[in-house]
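Trainee: So you can see what is in the structure, the chains are spelled out below.
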Amino acid sequence: MAIHSVVCVKQVPDTTQVRIDPDTGSLIRAGIPSVINPFDLHAVEAALRLRDEHGGTITALSMGPPQAEESLRKVLGFGVDRAVLLTDRAFAGADTLATTYALAAAIRRIAADQPVDLVICGKQSIDGDTGQVGPGLARRLDLSQVTYICELESLDSDAGIIRAWRQLENGRELLEARLPAALTITETCNRIRYASLPDMIAASDKAIETWGMNEIEVERDHLGLKGSPTRVSKIFAPPVRQRGEIIIAADSSPAAAAAAVMDRLAERGITFDEGDG
Amino acid sequence: MAGDVWVVIEHEGESAANVSWELLGIAARLAGDLDSQPAAVILGDGDNSDFLTRHAFSYGAATAYVAGNKSLTPFTAGPHSQALAALARKYNPEIILLGATTRGRDLASAVATDLETGLTADCTELEVDPESGLLRQTRPAFGGNILATIITPGHRPQMATVRPGVFPLPQAAAGATGKVVASKPRLAKEQRVHRLQFLPNPEEEVSLHGADVIVAGGRGMRKAKNFIMLGDLARELGGVVGASRGAVDAGWVSARHQVGQTGQTVRPILYIAVGISGAIQHVAGMQNSDIIVAINNDPDAPIFDIADYGIVGDLFELVPAFITEIRKRKDGAGAREAAV
Numbered sequence: 001m002a003i004h005s006v007v008c009v010k011q012v013p014d015t016t017q018v019r020i021d022p023d024t025g026s027l028i029r030a031g032i033p034s035v036i037n038p039f040d041l042h043a044v045e046a047a048l049r050l051r052d053e054h055g056g057t058i059t060a061l062s063m064g065p066p067q068a069e070e071s072l073r074k075v076l077g078f079g080v081d082r083a084v085l086l087t088d089r090a091f092a093g094a095d096t097l098a099t100t101y102a103l104a105a106a107i108r109r110i111a112a113d114q115p116v117d118l119v120i121c122g123k124q125s126i127d128g129d130t131g132q133v134g135p136g137l138a139r140r141l142d143l144s145q146v147t148y149i150c151e152l153e154s155l156d157s158d159a160g161i162i163r164a165w166r167q168l169e170n171g172r173e174l175l176e177a178r179l180p181a182a183l184t185i186t187e188t189c190n191r192i193r194y195a196s197l198p199d200m201i202a203a204s205d206k207a208i209e210t211w212g213m214n215e216i217e218v219e220r221d222h223l224g225l226k227g228s229p230t231r232v233s234k235i236f237a238p239p240v241r242q243r244g245e246i247i248i249a250a251d252s253s254p255a256a257a258a259a260a261v262m263d264r265l266a267e268r269g270i271t272f273d274e275g276d277g
Numbered sequence: 001m002a003g004d005v006w007v008v009i010e011h012e013g014e015s016a017a018n019v020s021w022e023l024l025g026i027a028a029r030l031a032g033d034l035d036s037q038p039a040a041v042i043l044g045d046g047d048n049s050d051f052l053t054r055h056a057f058s059y060g061a062a063t064a065y066v067a068g069n070k071s072l073t074p075f076t077a078g079p080h081s082q083a084l085a086a087l088a089r090k091y092n093p094e095i096i097l098l099g100a101t102t103r104g105r106d107l108a109s110a111v112a113t114d115l116e117t118g119l120t121a122d123c124t125e126l127e128v129d130p131e132s133g134l135l136r137q138t139r140p141a142f143g144g145n146i147l148a149t150i151i152t153p154g155h156r157p158q159m160a161t162v163r164p165g166v167f168p169l170p171q172a173a174a175g176a177t178g179k180v181v182a183s184k185p186r187l188a189k190e191q192r193v194h195r196l197q198f199l200p201n202p203e204e205e206v207s208l209h210g211a212d213v214i215v216a217g218g219r220g221m222r223k224a225k226n227f228i229m230l231g232d233l234a235r236e237l238g239g240v241v242g243a244s245r246g247a248v249d250a251g252w253v254s255a256r257h258q259v260g261q262t263g264q265t266v267r268p269i270l271y272i273a274v275g276i277s278g279a280i281q282h283v284a285g286m287q288n289s290d291i292i293v294a295i296n297n298d299p300d301a302p303i304f305d306i307a308d309y310g311i312v313g314d315l316f317e318l319v320p321a322f323i324t325e326i327r328k329r330k331d332g333a334g335a336r337e338a339a340v
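If you read the sequences in order, they're chains A and B. Counting from 1, one number per residue, gives the positions in the first sequence under the numbering used here. Counting from 1, one number per residue, gives the positions in the second sequence under the numbering used here.
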């Protein structure tokens with residue numbers, strides 16, 4: 001049985017470059033490049049591998065501003081079959097609850113054309129860092145929920161069963177889930193392939209479908225900021241620790257530098273001379 | 001009086017995740033500010049609940065909501081979210097807190113969706129706004145470059161997952177008791193997700209949480225073998241070895257040693273950063289250490305901006321020098337004791 005996967009892709013700012021303007025206290029967004037959320041690329045790769053093995057189709061879905069089309073174009077370059085961009089002013093300011101509301105409606109429409117077996121997301125986005133969209137979609141669409149997958153063990157497409165290892169703090173567990181399922185993928189799950197030239201060329205011709213709120217079945221009140229229970233009350237830069245005392249080892253010797261630090265620690269009541277040996 | 005402040009106890013049989021007890025400490029503080037009560041929620045097959053309930057009371061819970069059903073062991077998100085959502089609908093807690101662990105995030109996201117309420121992930125600070133009574137949930141965003149305070153004004157419960165290791169374990173009061181509210185939730189007979197196998201982490205467990213001293217190595221360590229001397233230094237200090245993401249990605253140490261945004265958050269008494277440049281993602285996980293010592297050969301390394309004591313120099317000379325110096329001091333102390 002061929003598998004139809006919907007992969008959710010988010011365009012995010014390159015977070016290593018995001019800063020707070022110390023004067024205004026607001027986010028400096030200008031000049032920050034956008035990238036595909038790196039975990040979502042692992043989700044795309046997972047879908048591609050399943051298609052390589054079992055056949056079927058992959059639909060990429062993204063919600064964001066019109067320029068998020070770039071990310072979908074790149075994903076098409078990996079050989080994804082269809083791409084849908086969910087874009088509408090009404091979606092702006094959505095928290096994860098309002099996001100999954102809109103995405104779920106879009107996935108229902110996609111499923112109306114062709115039933116969906118898997119919804120695959122990255123484990124979290126690097127800007128929001130919440131990891132809440134995958135499980136939220138599982139609940140809204142009544143899918144089996146398997147998150148933080150570190151290894152896809154097997155898919156029995158005829159029986160409609162997927163097995164995957166997930167990473168916990170105290171170990172790993174192997175889960176078996178009935179399809180349709182929502183999966184979230186971690187970076188250890190796979191290595192991302194390079195887009196092939198023929199796929200990239202083919203991608204440049206493919207149309208990206210753009211859907212607004214009128215193209216999906218939604219109620220306005222549940223969308224965007226209006227449909228979001230959470231509010232950002234304030235944003236600020238992390239408190240900075242004071243720069244302390246710097247010792248240049250070359251000015252004396254490694255031994256003297258080490259002794260100096262141990263003396264400072266001892267002055268602050270931290271000693272290791274219990275003679276426990 | 002506001003509804004209770006709930007903490008969902010994450011457990012594997014009788015063994016609970018430390019973060020759950022850390023959260024009971026916060027729950028007691030928040031409940032105090034709200035004139036409500038801290039409560040523990042224990043979901044399982046019912047077999048281990050006595051032990052966990054006792055612990056929950058000793059860590060400050062006034063009430064334990066114990067839901068027992070065979071489908072709740074082992075943990076899978078589906079039945080757990082059904083059971084937790086049903087309890088929340090019945091008892092209307094003001095706040096639900098969970099550890100920001102794999103399972104905690106998994107469960108919290110599902111339940112918040114079912115309850116159509118707000119959820120703030122991975123909080124590092126929680127407080128009640130004295131005027132509005134709202135939970136102010138502060139969390140890092142954009143890879144730790146920014147902190148955001150999130151509120152959930154119009155929906156209840158207010159839900160948050162909280163990063164392990166950020167808050168201290170509360171003092172346990174042995175013998176404390178409380179009210180047990182037991183229930184047997186009705187869950188769908190047919191579960192769609194099953195756990196087939198569980199492989200616990202190997203025994204040589206690195207416990208970064210609760211360690212008083214962490215000696216962490218970064219890319220400057222250059223190879224796996226060089227971590228041996230960090231282990232020696234950590235042993236002399238009664239501590240454990242940590243690592244930056246760079247060292248973990250290079251394959252020199254396992255990910256269980258990793259400190260930082262994508263690793264663990266730690267707050268030891270002494271953190272020694274060796275050959276770690278101090279990228280924001282690493283700093284996010286260790287900046288709450290009491291004292292930070294940095295060793296790096298690059299005088300411009302950002303780690304020096306947050307270090308209490310920084311040594312600019314060759315770590316391959318300095319780490320052995322530290323080991324020698326500590327042994328010398330121990331011998332000196334031993335000799336003094338022997339003389340007495």
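Please note: incorrect hints may appear among the correct ones.
[Said to hold, decoys possible] Restraint-style ranges between C-beta atoms, simulated for each label pair:
(1) I228/B with E70/A: 24 to 34 Å
(2) S183/B with A195/A: 51 to 61 Å
(3) R327/B with G31/A: 22 to 32 Å
(4) Q197/B with A30/A: 28 to 38 Å
(5) E127/B with A30/A: 53 to 63 Å
(6) A250/B with A30/A: 32 to 42 Å
(7) A250/B with Y194/A: 19 to 29 Å
(8) G31/A with G238/B: 45 to 55 Å
(9) A195/A with P299/B: 38 to 48 Å
(10) S34/A with D249/B: 17 to 27 Å
(11) I28/A with T324/B: 43 to 53 Å
Hints are computed from structural coordinates only; laboratory data are not their basis. Yeah, the Cβ is synthetic: ideal placement off N, Cα and C, and Gly gets one too.
Trainee: All the hints need checking, so say for each whether the structure fits it.
Mentor: Tested hints:
| no. | hint | in the structure |
| --- | --- | --- |
| 1 | I228/B with E70/A: 24 to 34 Å | violated, 47 Å |
| 2 | S183/B with A195/A: 51 to 61 Å | holds, 53 Å |
| 3 | R327/B with G31/A: 22 to 32 Å | violated, 52 Å |
| 4 | Q197/B with A30/A: 28 to 38 Å | violated, 50 Å |
| 5 | E127/B with A30/A: 53 to 63 Å | violated, 33 Å |
| 6 | A250/B with A30/A: 32 to 42 Å | holds, 34 Å |
| 7 | A250/B with Y194/A: 19 to 29 Å | holds, 22 Å |
| 8 | G31/A with G238/B: 45 to 55 Å | holds, 47 Å |
| 9 | A195/A with P299/B: 38 to 48 Å | holds, 42 Å |
| 10 | S34/A with D249/B: 17 to 27 Å | holds, 24 Å |
| 11 | I28/A with T324/B: 43 to 53 Å | holds, 47 Å |
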